[in-house]
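Please work from the sequences and hints to get the whole structure.
Chains A and B, in that order, give the protein sequences.
Per our numbering, residue 1 is the first one in the first sequence, and the count goes up by one each step.
Per our numbering, residue 1001 is the first one in the second sequence, and the count goes up by one each step.
Please keep in mind that the hints were generated in silico from the structure rather than gathered at the bench.
Glycine included, each C-beta is placed from N, C-alpha and C at the ideal position.
Each hint should be verified, as a subset may be incorrect.
Stated by the list, open to error - Between beta-carbon pairs, the in silico distance windows are:
| id | chain 1 | residue 1 | chain 2 | residue 2 | range |
| --- | --- | --- | --- | --- | --- |
| 1 | A | Val213 | B | Ala1287 | 16 to 24 Å |
| 2 | A | Ala316 | B | Arg1303 | 45 to 53 Å |
| 3 | B | Ser1024 | A | Pro214 | 48 to 56 Å |
As the list claims (entries may be wrong) - Some, not all, of what chain A presents toward chain B, calculated at C-beta under 10 Å:
| id | residue |
| --- | --- |
| 4 | Arg174 |
| 5 | Asp344 |
| 6 | Leu428 |
| 7 | Leu435 |
There are 2 protein chains.
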Amino acid sequence: MDEQAVRQLVDALPAGVVLTDPASTEAYRRDWTRAEDAGTPLAVVRARTADHVRAALRWASEHRVPVVPRGTGTGLSGGATAVEGCLVVSTEAMTAVEVDPVTRTATAEPGALNAAVKAAAAEHGLWYPPDPGSFRISSIGGNVATDAGGICCVKYGVTRDYVLGLDVVLPDGRLVGLGGRTIKDVAGLPLLRLFVGSEGTLGVITRVVLRLVPRQEPAATLVAWFDSPRDAGTAVVAMGARTRPSMLELLDRAAVNAVEDFRPMGLDRTAGALLIAQSDAPGPARAADLEFMAGCATAAGAREVHATDDPVEGEAFLEARRATGPALDARGPQLAEDVCVPVDRLPDVLERIQVIAGEFAVEIPVFAHAGDGNLHPVVLYRSEDPGSVQRARDAFTDVMRAAIAAGGTITGEHGVGRAKRAVLPEQLGPDVLELTRRIRSAVDPLGIMNPGAIC
Amino acid sequence: MDEQAVRQLVDALPAGVVLTDPASTEAYRRDWTRAEDAGTPLAVVRARTADHVRAALRWASEHRVPVVPRGTGTGLSGGATAVEGCLVVSTEAMTAVEVDPVTRTATAEPGALNAAVKAAAAEHGLWYPPDPGSFRISSIGGNVATDAGGICCVKYGVTRDYVLGLDVVLPDGRLVGLGGRTIKDVAGLPLLRLFVGSEGTLGVITRVVLRLVPRQEPAATLVAWFDSPRDAGTAVVAMGARTRPSMLELLDRAAVNAVEDFRPMGLDRTAGALLIAQSDAPGPARAADLEFMAGCATAAGAREVHATDDPVEGEAFLEARRATGPALDARGPQLAEDVCVPVDRLPDVLERIQVIAGEFAVEIPVFAHAGDGNLHPVVLYRSEDPGSVQRARDAFTDVMRAAIAAGGTITGEHGVGRAKRAVLPEQLGPDVLELTRRIRSAVDPLGIMNPGAIC
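Following this line, the structure appears as C-alpha cells:
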C-alpha cells in the first residue's frame, strides 16, 4: 500500500477522522483479548457519521485493503484484533441514542454504550435488558456484532431478541437499511438476523433500532452454597423446570476466592460452588419462585441457602457476581472461555473442566450463566513461563472440545473472533463451514471484511 | 423433463413415497392462497425420512427441476404454490415429536403439527408458545419456514425466538445440522437464523429443535368496545407502555359481524372495534394489569369495558377471536393481508385501510394482533365479477403501500411467498433485494429452490 492511497483517504474525510500516526493507531490494534500477534493498521477511521464509514469502505474496496470494524474494543475473542496493513473502522465516536416511548424503541448509533441505551430507556420508564458483563464500557454496535448476552438472558434473551432494525454499510460502501421500528417483519430473507452476530465479517453497523420493554420489577434473590459445582449444576437443572428465574449464576470455589481476594465481601471461601438466583416475578409469585428454587437447592444438597427480598442485599450479591470478571482479570494473563452446553450437561461439564485443569496443571476458575448452560471458565497462565502458556492453550482447546462433545458450542455469547477460530471447524463440520464461506463471499466478494475472524 | 428421469426418482425411493398420478398430485398444487395460476408438479415426494428429502433434492439438482417444499399447505402467501413442472417435496408425513423435560426442548420432525408440539410439551408441564391462527392444522416445519407468529407474540415472541436447532437439506442434497439443544450459541455466522423465515428458498427443513418454557399462568381477560378502530388503536398504544399483555387483539366492526354471522356469540355488532386483551402475570399483578389496561381503554373513549378473571369466560372471548379467520373465510374469495406497522402508526393505518376500502369499493374487514401492530385486513371480492377482482387486487396492493409508507412491512408473519412478491421491492429497495439474490444464489447456485417465492 503506497502512502498516496492513504493520503487520498485522509483528504476524503474531515480533519481528525483518519488517524495514521502510529502513536494514535496503537490503541486500536487490540481488543480485550490482548492478542500478542496483532497487526499494525495502515490507518484508523474514527467515523463520526455513516458517510465516513461509507467513504472508508469504498476506499478499502478500491484499494483491496482489509477492514477491521471496531466498537469500544472490549471484545473477548479477538474479533477486533488488527491485521497487518488493515484499515480499522472505529464507530466509538458515533454515540447518539434516542428513545421513542410510544413505540418503545431506541435508535442508537453503534458507538453508544450499552449502559447509555439502558439509561436513555430508563428515563422513560423503559428497559433494555441485554447486560453483558461489559455493559458499562461496551458499545451497542459491538453487542450486535457479537450478539452479546449477559446475566438477564436466562429470562429475557440476548441482543438478537431486541434488534428490530439495522443500518449496515456493505463492503462496497453502499448503506442498506434492514428492518425498522416494526415489531414483526418477515418480508424477504431474514438478512437482519444474518448481520446480528456476524462479527464484522459482512459490513459495518451504523445504526441500531432496539426494542424496549417496560421497566423490570424488583427482584428477590436466593444464594445457595454447595460442596461441589456438580451439586450446584443439579440444582440449576431443577430450578429451570418450573420457574423462569431472571438470573441464575454460578461461581465455583476458585471464582469465589478470586472475588474475595479482589474485594472482600464475606463470601464462603470453602464452598465448592455458589449459586445466585433471582426472580422478578410480580407480587407473591416472586416469593413462590424463591421458595421453589430454595427447595431445589436443598434437594441438590446445598449446605446453606439464603433468600432475601431486600433489593440492597440482593444488589450486593449481584455486585459479587459482576466483580467476578474484574477479579479474575486481576489474576493475570488468561484465556477466556465462553462455552455453552445443553443445561442437562452442566453438572458433567463442570466436573470435566476440573479434570482438564488437573491434566494440564493450570488453574481454571469458572463462573457461569448457569441457567443458560453458558460457562466462562478462565484459563490462567504465567506469561513468563512458556510451558504454562502452552498448557493453558491446550486446556483452552480441550474445554471447547468438551463442550462440543456435550452437544454444546465453543461460544455462547462472545463470538469466535480469532481466538476460537481454530476449533470452529470441529463444531460446525466441513459442510456448514463451506456454506458460511459461500455466504460471506456473496456479501463480501473481495474478501476485505475482518479477514481471519470466524473462519 | 422426460418420463425416464421421473422413473429414476420413483425407483430410488420406497413405494408410495413418490406420487406422479395427477389425481394424487392435484392436492399438492396449492396452499391456502388457492392460487388460480398454480402449476402442475411433475411429481410429489411425500418424504417419510430426511433421506427421502435428500434423494429428492439430489435428483432435482441433477435434473435441474424446481423444488417447491411444502408442510401441511396452510400458508397464506402462496409460498407452497406449485410451479409448472416442479417437484413438490412434502414433509407432512414426518410427524414425530419428542420432548426432553430436563433441557426443556422439543425435537420435532417438520410435518408435526404446531398443536402436536404444544400437546407433547404440555404432557411435561411445559409450553411451546407460538400460536398462529392455523396452529391446529399447520406444521412446525412450515411455521419455521415462515417464522410464524400468532396471538401470544405480543409477550412471548415468534417462532424464531424458540428455534434452537435445525436440520436442513441443502439444494444439492447435503444435510447440515445448525444449532442444537444449546440455549445460546454464536459460533459462526448465524445461519440458523437465516433459515428461519426463508420460505423454502434455501433448503428443506427436516428436523426442528425448539425451546420450551414453563406452562403459562392462567390469564385474565379484558374486552373493550370502541366507537372507532382509531380509538381502539389509541388504547393499544397506551396499554403497551406499562404492561406486557399476553394477548392484545383487535376486531373491527366488519370482523365482529362476520363472527356473529358465522357463530352467534352475542358480540356488539354496532361497535366500531373490539379489543380483547389478556394478562397472564402471576397473582395480584394480573388484576393490576387489567385495571391499568381498563383505564387505558376508558381514557381512549371505550363505550364499554368488561374484565373477567374467569378462565371459561376468557376462553369464550379468545374463541371469538380464533373464529375470526374461519368466519371471514366463510365470506368467500379474499386476499389476506398481513401488514405490520410501528405501534404508534396503528390508529392512522386502521383509518387509512377504511379509506382504501372506500376508494376501491371493496369490503376490508380487519382483525389484528394489535399489540404488535400486525394487521390482517381481508380484502373480499366476488370471483364472478372481474371488476371486483381487479379492485380487490388494487386495494390489496394499496394496503401494503400504506404499511410501507408508515415505516412498516408488507408481512408480519405470513411471509412474502408469491402473493406479495410484486410489492416487496418497494419495501426493501434495490440494494437489499440484490443482496437477497446474492445470498440465495450462494446457497442455491442452480436456482432450483422455490422459484418465484420471495423474489
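Each hint, compared with the structure:
1. Range check, Val213/A to Ala1287/B: about 21 Å between beta-carbon atoms, so the 16 to 24 Å window is met.
2. The supplied range of 45 to 53 Å is met by Ala316/A and Arg1303/B, whose beta-carbon atoms lie about 51 Å from each other.
3. For Ser1024/B and Pro214/A, the hinted distance range of 48 to 56 Å is satisfied, since their beta carbons lie about 53 Å from each other.
4. Here the hint on Arg174/A is kept, as its CB sits about 5 Å from the closest CB of chain B, short of 10 Å.
5. Given the 10 Å rule on beta carbons, the hint for Asp344/A holds: about 4 Å separates it from the nearest Cβ of chain B.
6. Contact between Leu428/A and chain B, as hinted, is supported at the beta carbon level, the nearest pair being about 5 Å apart and thus within 10 Å.
7. The interface hint given for Leu435/A is met, as the beta carbon of that residue sits about 6 Å from the closest beta carbon of chain B, less than 10 Å.
Every hint, counting from the list given before, is met by this structure.
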